[in-house]
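Top to bottom, those sequences are chains A and B. The first sequence begins at 150 in our numbering and counts up by one. The second sequence begins at 40 in our numbering and counts up by one.
Because the hints were derived from the structure by calculation, they are not lab data. Fair warning: this is a prediction, and the values are worked out from it, not measured in the lab. Careful: at least some of the hints might be erroneous.
Unchecked claim - Derived DSBU-like pairs: lysine-lysine, alpha-carbon spacing no greater than 35 angstroms straight-line: (1) B/K63 x A/K264; (2) B/K295 x B/K54; (3) B/K54 x A/K210; (4) A/K450 x B/K166; (5) B/K264 x A/K264; (6) A/K264 x B/K295; (7) A/K264 x B/K166; (8) B/K63 x B/K252; (9) B/K93 x A/K210; (10) B/K111 x A/K264; (11) B/K264 x A/K210; (12) B/K93 x B/K264.
Unchecked claim - What follows is a set of in silico ranges between Cβ atoms, one per label pair, in the way DEER data are often shown: (13) B/L51 x A/A285: 33 to 39 angstroms; (14) B/L51 x A/L242: 40 to 46 angstroms; (15) A/E318 x B/D129: 38 to 44 angstroms; (16) A/V277 x B/G272: 51 to 57 angstroms; (17) A/I260 x B/K54: 18 to 24 angstroms; (18) A/P442 x B/Q128: 20 to 26 angstroms; (19) B/R124 x A/A412: 33 to 39 angstroms; (20) B/R110 x A/S313: 45 to 51 angstroms; (21) B/E92 x A/I260: 18 to 24 angstroms; (22) B/F292 x A/R336: 45 to 51 angstroms; (23) B/G53 x A/V277: 28 to 34 angstroms.
A virtual CB, placed ideally from N, CA and C, is assigned to each residue, including glycine.
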Amino acid sequence: MNGSVEISSAQIFADLFGGEVLIGETKRQILENIRLPRTIVAILVGINLSLSGAILQAVMKNPLADPHIIGISSGAGLFGIFVMMIFGDAGVLVTPAAFVGAMLAAALIYILAWKDGIRPIRVILAGVAVSAFLGAGISALLIFYSDKVHGALLWMVGGLSARSWQHVEILLPYSIAGTIATFLAARHLNILQLGDEVATGLGLRVNLVRTILTTIAALLAASAVCVVGLLGFVGLIVPHTARLILGSDYRILLPGAATLGAAVVTISDTVARTIFAPTELPVGILMAMLGAPFFLYLLRKEL
Amino acid sequence: MNLTAEKISVTLGGKEILRDVSCKFPSGKRTAIIGPNGAGKSTLLKVLCLLNEKFSGTVTLDGQDIRTFGRKNLSRVMAILPQERDAPQDTTVRQLVSFGRFPHRKFFGGHSAEDDAAIKNALELTKLTAFENRQVASLSGGERQRAWLAMTLAQRPKILLLDEPTTYLDISHQLEVMDIVADVNKKFSATIIMVLHDINHARLYSDDVLIIKDKKIFAMGEPKKILTAKILGEVFNVAADTFINSAGDEIIFPTKNLK
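Looking at chain A on its own, in the form it has when it is part of the complex (with noise of 0.2 angstroms):
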């Protein structure tokens, strides 16, 4: 357990199991209300983000869908911040409204991206631009209401700095409900990668079943913008990697990316967070740092 207060292992280990107090109550709190939490969240944020970007990629039919590079996450964030402007910064109602704002941007995605049936390079330009639409609304949220949003620059980037329990709260229910809707979801996501009419002749209704696992995805996104802002690129590296490693079938992709997509995030917060100590770095620079490359490298190679 790193960090710019120094705990180390050996100390945390003497304390749960030794039954001696050695690490003093100071650094036993910022174990428990600091590190632990913290480390939740990024578990948490690390599922549904993968998961997120998992579904978006067999339903746009386009390995670059993420959900924070097509717009869907700042869907979520500006629906999110306008909302936390009214009742304050952790409000029960946060949470639905970027949900409604994720899914209204995966629907403005859809209907400029619509036309006789999807394509993946439509499907990018719609959601860059969308993104970017929904991006400029952002920044004129925080500049106008800049007294209101603490934080409002470390959100943007996305970063887990000084989450706590309340927010394991906020994104532990979305994150079950959204795992377990996900995976029972497997089998259809693989009939979904064969085409629209091959899915269609083997007897799914391909429209419902696309809308359905969309409203999911954004669910999963908005719940993890709500909690950790803009943090992009988790969505797309994490289940390409998984699906280099274990294959496209969706039964095993998922619960792969979702292993995966916890350790990257908590991995990469603890580099973050740790690498120029006792200056903390918001893990979203990082990620988009290894983000951007690989997004490039899919473009090459896929498109």
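Using the hints, position chain B against chain A.
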């Protein structure tokens, strides 16, 4: 199962594709749909299996409107091999074929012995048993076509619809696919409806031929009566010669474009 289409009209994006098409596909028969490009052949095929839902008129299966079946129930009796399809790079032949069992599975149901039997059978019919662990992407064009055909066979359809199943294949693979289709028709008395480009395939591999021209049915009936040099001239604007092959079948050979 008897499939009947009554007064089918389709308009797509303001453009009329089919007008008042009525036809019957009797149980256990093979029907070839032929006609010039853009005549509406594929559209008719997609209407017959509800891949295209925006049509007027009715399609009935043993008297019941197919719109009332429900997507999944329909897929248990009817399979289609469309031209537009896709599969992830690492999909194996066995995985692809097992997707054909999707309409037979319950939401929480697992893999049944019946699924295994259907998959095994489909692999045997398409002579792909030895290839079951190969990736579909690594197969030759003919083998890949057979793999997709095997997926539709795993559905255990009573009616099998094929959209230009031999396009892009070399001559030997074309005949291979046509022979498998004939085999399926015989063994399971499955009704076959296929859009074909090759007149002689239609002649040798079907019981009925349906010619579509200018959004309407131009002619329908036995291949020998329908596929004559005269009708070919009227439908495709080509001059054609007729030969007798070594098996005694009449073969038509288009010789000149008359447009």
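Against the structure, the hints come out as follows:
Among the hinted pairs, B/K63 with A/K264 is consistent with the structure: their alpha-carbon atoms are about 33 angstroms apart, no more than 35 angstroms. A distance of roughly 31 angstroms separates the Cα atoms of B/K295 and B/K54; the hinted pair therefore holds under the 35 angstroms criterion. The hinted pair formed by B/K54 and A/K210 meets the criterion: a straight-line CA distance of about 28 angstroms does not exceed 35 angstroms. Distance check on the hinted pair: A/K450 and B/K166 sit about 33 angstroms apart at the alpha-carbon level, within 35 angstroms; holds.
Between B/K264 and A/K264 the CA atoms are separated by roughly 42 angstroms; this puts the pair beyond 35 angstroms, and the hint is violated. Of the supplied pair hints, the one linking A/K264 and B/K295 is violated, its CA atoms being roughly 39 angstroms apart against a limit of 35 angstroms. At roughly 39 angstroms between alpha-carbon atoms, A/K264 and B/K166 are farther apart than 35 angstroms, so this suggested pair is violated. The hinted pair formed by B/K63 and B/K252 meets the criterion: a straight-line CA distance of about 17 angstroms does not exceed 35 angstroms.
For the hint pairing B/K93 with A/K210, the CA-to-CA distance comes to about 24 angstroms; that is within 35 angstroms, so the pair holds. Under the criterion of a C-alpha separation no larger than 35 angstroms, the hint pairing B/K111 with A/K264 is consistent with the structure, at around 26 angstroms. Among the hinted pairs, B/K264 with A/K210 is inconsistent with the structure: their alpha-carbon atoms are about 46 angstroms apart, more than 35 angstroms. A C-alpha spacing of about 33 angstroms is found between B/K93 and B/K264, which places the hinted pair at or below 35 angstroms, so the restraint holds.
Distance hint check: the CB atoms of B/L51 and A/A285 are about 38 angstroms apart, consistent with the given range 33 to 39 angstroms. A hinted range of 40 to 46 angstroms for the beta carbons of B/L51 and A/L242 is consistent with their spacing of about 44 angstroms. About 40 angstroms separates the C-beta atoms of A/E318 and B/D129, a value consistent with the hinted range of 38 to 44 angstroms. Distance hint for A/V277 and B/G272: a CB-CB separation of about 54 angstroms, consistent with the stated range 51 to 57 angstroms.
Checking the proposed 18 to 24 angstroms range against A/I260 and B/K54 shows it holds: the Cβ atoms sit about 23 angstroms from each other. The hinted window of 20 to 26 angstroms between A/P442 and B/Q128 holds, with their beta carbons roughly 22 angstroms apart. A hinted range of 33 to 39 angstroms holds for the C-beta pair B/R124 and A/A412, which are about 35 angstroms apart. Taking 45 to 51 angstroms as the suggested C-beta distance range, the pair B/R110 and A/S313 conforms, at roughly 47 angstroms.
Between B/E92 and A/I260 the beta carbons are some 20 angstroms apart, a value that agrees with the proposed interval 18 to 24 angstroms. The beta-carbon spacing between B/F292 and A/R336, approximately 49 angstroms, falls within the hinted interval of 45 to 51 angstroms. Taking the beta carbon of each, B/G53 and A/V277 are about 31 angstroms apart, inside 28 to 34 angstroms as hinted.
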